[in-house]
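The chain contents come next:
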Amino acid sequence: MNIPLPMFVVVPLVAAFVLPAFGRRLKPLATLIANLVTLFLLVLAVASVGTPAVYEVGGWSIPLGINMVLDGLSSLLLLAISVVSAAAMLFSARYMEQYTAKPKYLSLFLLMVAGMNGVVLSGDIFNLYVFLEIASIASYALVGFGCEHEELEASFKYMVLGSIASAFILFGVALVYANTGSLNMAYIADAIGRMGTNVGLTLALSLFIAGFGLKAALVPFHAWLPDAHPSAPAPISAMLSGVLIKALGVYALARLIFNLFGVSVALGWLLVGLGLASMIAGGLLAIGQWDFKRLLAYSSISQIGYVILGLGLGALLMAQNANPAWAALAILGGLFHLANHAVYKSLLFLTSGSVELATGTREMRKMGGLGDRMPVTRAACAVASASIAGVPPFPGFWSKLILVIAAVQAGFYWIAVAIVAVAVCTLIMYLKVHRYVFLGELPPDLQTVRENKGSILFAMAGLTCVCALMGLLVLVPSLRSSVLDPAVSVLTDGVQSSTHLMSP
Amino acid sequence: MDTILLYPVFIPLAVGFVLLFLPRRATPLFKAVTLVVSLLAFVCSVLILSRGEGSYHWSILELGAFRLDLLLSAAPLGSFILMFAMGFGVLITLYSLNSRAPIARSNEYYGSILLTIGGAAGILLSNHLLFLLIFWEIVTASLYILISTGGKSSNFAATKSFAMIGVSDAGFLLGVGIVWTLAGTFVISDISVATTSALPIIAFLLLMLAAITKAGAMPLHTWVPAGGEYAPTSVMALLPAALDKLLGIYLLVLIVKSLFTLDPNGPLTTVLAVIGAATIVIAVMIAMVQHNLKKLLSYHAVSQVGYMILGIATLTPVGIAGGVFHMLNNAIYKCCLFLCGGAVEEATGTADLERLGGLGAKMPLTFISCLIAALSISGIPPLNGFASKWMVYQGVVQMGQTQSSAGAGLWPVWLVAAMFGSALTLASFVKILHSVFLSRSPDALRDVKEVPWAQTLPMLVLACLCVVFGVFYEGPLRWFIFPALGITDGPAIFIGSWNSILATVLLLIGVGVGVGVLWIAAFAKKVRIVPTWTCGEIQRNDDMIIPGTHFYKTISSMGGLKQMYGGQERGYFDLYNQGGRVGLVLTGMLRWLHTGVLPMYLTWVTLGLLVVLLCLVAGIW
Amino acid sequence: MAYTLCFLLFMIGLYCAVVKKNMVKIVLGIMIMEYAVNLFLIMLGYFHDGVAPIIDRSEFDAQTQTVTAQFLNSSVDPLPQALVLTSIVISLGSLALLISICIRTYEKYGTFDITEIRRLRG
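Line by line, the protein sequences are chains A, B and C.
Position one of the first sequence corresponds to residue 1 (our numbering), numbered consecutively onward.
Position one of the second sequence corresponds to residue 505 (our numbering), numbered consecutively onward.
Position one of the third sequence corresponds to residue 1126 (our numbering), numbered consecutively onward.
Since the hints were made in silico from the structure, they are not lab data.
Just to be clear, a hint being listed does not mean it is correct.
Straight-line Cα separation of at most 27 Å, DSS-like style, residue types lysine-lysine; simulated pairs [unchecked claim]:
id	chain 1	residue 1	chain 2	residue 2
1	B	656	A	432
2	A	104	A	27
3	B	656	A	366
4	A	432	A	453
5	A	432	A	366
6	A	104	C	1233
7	A	453	A	104
8	A	453	A	366
One chain only, chain A, in its complex shape (with noise of 0.2 Å):
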């Protein structure tokens, strides 16, 4: 089937600005209309799994138009989001009860969905930098939606980092478009491999990797994550480490470096560098926070940096001109994680904003014994951490497996050293949470907490057998081969993968 591709985007944005109209009145009509559109691009994100497409925005063909590009790499990211949405989307309906302006929050909500879709669909880099600011934007005003101390206070640093990352980028941009004088992804690879590097590319490129690598919160530039997500309401909290972090981050970094740039030994050992960076120091500084989602907020970093890790290890083999396969695998290990990494994390923030709801802290030491209270939020809540934990058969443990057979293969003893021993970091960190949320006795105060109900309990049942499954994805051939293998093959191919669009 062949998917109109803007209608990933335009949907979401026509959405959102009828939404804000909706008044008091109306709300649950807006509600409705806004779990109705999520559904929309989940079924149409599932839809384009397997057809890449290329959409010419007007009718004018590249390099004078702009396009749109669907490949196996945005497909996969556009699952991820679809279905991380949705189900934020669907936990929102009675979360979001407790706030004012409902309406204004679904409207927010669906301009990050339009500027993330727009990102990982966008053909050339400017409009990748304007969907990356819509989505960024949006972003900001949701973290400072409840307007308290600390909202505003995350919001606002969130922001000015934000902003600069952006500026970082659009100056990247526009020394891009200076050296190769195209913007189109496919022109700018072509020109960058007939030219090769100069000085002013070399900055375009670290500008580059600081500007997505805030976005993705990579170590050093991960200051504002451990703030902004907390402080967001859950489910957006869920998206905003689900998957906004992957579609304005990782995404995009592995888009300039795989397919623009083309990767070199000193890029790959840049990213492993990132992503071990990331990896200890998020999973060592999760261990001792005591709020519940600022420890899932640290443990994002963690996470994030093993799909850099993943995906620096195969830009070092492909650069090292080592057998292709090993470079596939670290990479299909590293996309796997991101794709992991967005369920178990959504889904672990969606339950903490349910133990959140119900008990009105996210102190940990206030809380114990909810296991028994709210048996669908521990159910939940145990297989996300199983599976981030890497308890087989829980997809976390197939993604790691894959990423330290990949560098034992390679023969870099050490990073597996570092995959394993920050996996047990994980371990311990979520064995914290369970031992002192789940287990344990009741503390006096909450003798009275009930689990939550109806919306709250259906996204979190929906994302938790989404998450249980997800080992088929690598498990079964089919789903492989049409879902994985796909998004692997766009960055294996390098450059190529970009230029052969271009017009003949």
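Given chain A, put chains B and C in place with the hints provided.
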């Protein structure tokens, strides 16, 4: 293609996984399902053992050189241990069916018992290292769930167990990865790596760490006593006492005999021997001074692993056979002891030795089974504990005679440690028997009754097995252990000879003569029994109890040892606590850097940009 | 030379954002950075004596549907101008949000000093 190999693995796993998520109201259903499935697994395991060799192969994943196949095969060692493991599963299920203590989360309890059974079957049948690892972790995770179904503070014990075993499992994964690069395959029966260079030695040590942590040997043993104190008794009887030992020692034998070719004169056997000997002595020293019945038993569960490791470390046929036999015997008597401990706790409501006493007459069946198991664990002939310890001792002597490594030269040390440990075990069981069953009964325990049949039956079965495996020790050796290890049977493998049947007959005659003398003496003169005369003062019954808890106070207050015991109490020697402290310091430092000051974060970003730029510029030129 | 000045302006903005403690000044610094980039983009398309890229009827050949080569060579690149327009709109939106959050934060904390607004740390 033997599909029967799939049944004991995947039926319990699937059913257990479903049970975990069912609402907990349907407890009778859970009980019935668990009993049926565990019996089914047991029947399958018997069939597998009786059919002999067979295998099942299903190719799942192929990514370049990385292949993942579900490869199950009935190897002699695995299928023999499998039968016993499934047998223990049935016994434990039976025991928990009628347990009077309410199980807090019955869905999780029965679900994870089935997961454990299935995972154990998977470990024992798997011929693929990665699948072995997967089943291994499933057992770890279900241990966590099982311990957390206990009462207060069980969340602490569960977390500790999972964290410690999780660390060793991570090492396992790493070791498997290294073995794969060295051998080029995951198929266990095809792997044989020489331990001559650094990488294979590291892999060996990592896998060994995983095996001994699961089995509960030092240095990562502290999860066993923590679990023992807080977990439900049946859980402790099933996992750390029985199944985890079987699995851990199975893996150790696999590593030593199949995955790696160990040089008898190399340093690795010495490492194993040191771990074994240290575990025997230190754990039993700690056990002696414990006041909690279940915690004391847990420390013995640690101590006994030392014998198995020591036996395997000798690399002699009799030593390895002794180690494996000891594993089996230990599972039998330790399971029995934990069940007795659980019965006592259930009947009286406490496991504190100071508040128990005089239960011998009130719970005779529990007393008899506990007595037999206690004598057996202390290595009293002709019970099974003696038979296997005797083989381990012979293995140690043989190691000294035939090998030339540093470890072999120190064989008298290992031997003394093992025998000393055995003596101390007896000493601490004297304490238990005295304070629980023999001394004067406190008033609070006046109405104690024997536990119901579903709980006494497993204990009695296990106690009988202790006797049978001791008196007719050649049976299990000849039928199961020698074929499983590929040892050709014959008298030549034993140095010392031990005719247990003759000894048993003589012992029984001795006991008979003694009873006869008593009987005759009772006839000869009627004895008048009167209360003790206390100068007319009335003594409260509870004041007249001589508790066993102070038996070895002299040892724990000796200079030097006193400080060690104190440090042990406070967790100074616990790697979990110390690792936690190091982690907290590291985290604290990193958290201190995140001051919340925005300009600092901006500085990081700017510096990060500069570093990236420098890296890329350096990469070009 | 002009490019160097743009770069210098970008650096001034970055310096301002990193070093200043006042929230409003940080916002100003970010805006200086964005305008430096905008300026840079405009400079990319511009050359001395270039004409505006608006096609006059005299430059357009209706029969061949092409523009004369002389016009193509003398007009400046129109693409960066389109980019800058977009970019200005985006930075306007982001500036509005930044300033409004500044004001709300000031209402809550009573200060503009960002080093004192640090409830979230660790």
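Of the hints given before, which are not true for this structure? none
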